[in-house]
Amino acid sequence: MSKPIEDKLLSIMADKFDIEPGKITPTTSFEAMDVDSLVLVELSVLAEKQFGVRLGDAGTIRGAALLLRDNGVTG
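Residues 1 to 75 (UniProt numbering) make up the sequence shown, in order.
Certain hints may be false.
[To be verified] The calculated label-pair distances, taken between Cβ atoms and stated as ranges, are:
{"no.": "1", "residue 1": "G22", "residue 2": "R54", "range": "26 to 32 Å"}
{"no.": "2", "residue 1": "A14", "residue 2": "S37", "range": "15 to 21 Å"}
{"no.": "3", "residue 1": "K23", "residue 2": "G52", "range": "24 to 30 Å"}
{"no.": "4", "residue 1": "S29", "residue 2": "R54", "range": "18 to 24 Å"}
{"no.": "5", "residue 1": "G72", "residue 2": "K23", "range": "28 to 34 Å"}
{"no.": "6", "residue 1": "L38", "residue 2": "G75", "range": "24 to 30 Å"}
{"no.": "7", "residue 1": "A14", "residue 2": "E48", "range": "18 to 24 Å"}
{"no.": "8", "residue 1": "A32", "residue 2": "G56", "range": "17 to 23 Å"}
{"no.": "9", "residue 1": "A32", "residue 2": "S11", "range": "16 to 22 Å"}
{"no.": "10", "residue 1": "G72", "residue 2": "D34", "range": "28 to 34 Å"}
{"no.": "11", "residue 1": "G75", "residue 2": "V45", "range": "19 to 25 Å"}
{"no.": "12", "residue 1": "G52", "residue 2": "G22", "range": "28 to 34 Å"}
[Stated by the list, open to error] Derived pair list, reagent style BS3-like, types lysine-lysine, alpha-carbon separation capped at 27 Å:
{"no.": "13", "residue 1": "K3", "residue 2": "K23"}
{"no.": "14", "residue 1": "K8", "residue 2": "K49"}
{"no.": "15", "residue 1": "K16", "residue 2": "K49"}
{"no.": "16", "residue 1": "K3", "residue 2": "K16"}
{"no.": "17", "residue 1": "K49", "residue 2": "K23"}
{"no.": "18", "residue 1": "K3", "residue 2": "K49"}
{"no.": "19", "residue 1": "K23", "residue 2": "K8"}
Hints in this document: simulated from the structure, not taken from any laboratory. Ideal Cβ positions, reconstructed from N, Cα and C, are used throughout, including at glycine.
Produce the entire structure from the sequences given, and follow the hints as far as they go.
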């Protein structure tokens with residue numbers, strides 16, 4: 001399961017991009033979070049630094065977590 005990865009990504013979104021944790025879930029789309037493409041690029045760079053995998057067009061935190069898991073990242 002990718003829950004620990006989801007939690008880390010949710011934490012990054014809250015800490016780095018000032019998105020209230022209670023307002024997002026793993027299935028909330030990045031579009032619904034009202035983040036622009038620059039934020040998504042920054043998230044991808046942060047994920048690459050932390051996990052060693054660059055995020056693609058995941059669409060949601062869960063999608064990003066699954067992508068990371070599929071590339072060998074564990075909680």
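Verdict for G22, R54 (Cβ pair) under range 26 to 32 Å: holds, 28 Å
Given the hint that K3 pairs with K49, does the C-alpha gap stay at or below 27 Å? Roughly 19 Å between the alpha carbons, so the hint for K3 and K49 holds.
So does A14 sit 15 to 21 Å from S37, Cβ to Cβ? 20 Å Cβ-Cβ, so the 15 to 21 Å window holds.
Taking the Cβ atom of L38 and the Cβ atom of G75, is their distance within the range 24 to 30 Å? Between L38 and G75, where Cβ atoms are some 28 Å apart, the hint holds.
Would you mind confirming whether the straight-line C-alpha gap from K3 to K16 stays at or under 27 Å? holds, 20 Å
Hint consistency between K23 and K8 [alpha-carbon to alpha-carbon, up to 27 Å]: holds, 16 Å
A range of 16 to 22 Å was offered for this pair. Does it hold for the Cβ distance of A32 and S11? Since A32 and S11 have Cβ atoms about 18 Å apart, the given range 16 to 22 Å holds.
Is it true that the C-beta distance of G52 to G22 lies inside 28 to 34 Å, as the hint says? Holds, since G52 and G22 (Cβ atoms, about 30 Å apart) stay within the stated range.
27 Å limit on alpha-carbon distance, applied to hinted pair K8 and K49: Answer holds: K8 to K49 is near 13 Å, not above 27 Å.
Should the hint that S29 and R54 are 18 to 24 Å apart at their CB atoms be regarded as holding? holds, 20 Å
Holds or violated: are the alpha carbons of K49 and K23 at most 27 Å from each other? Between K49 and K23 the Cα gap is close to 26 Å, so the pair holds against 27 Å.
Assessment of proposed distance window 18 to 24 Å (beta carbons of A14, E48): Roughly 19 Å apart at Cβ, these two residues keep to the hinted range, so it holds.
Violated hints: none; the structure is consistent with every hint.
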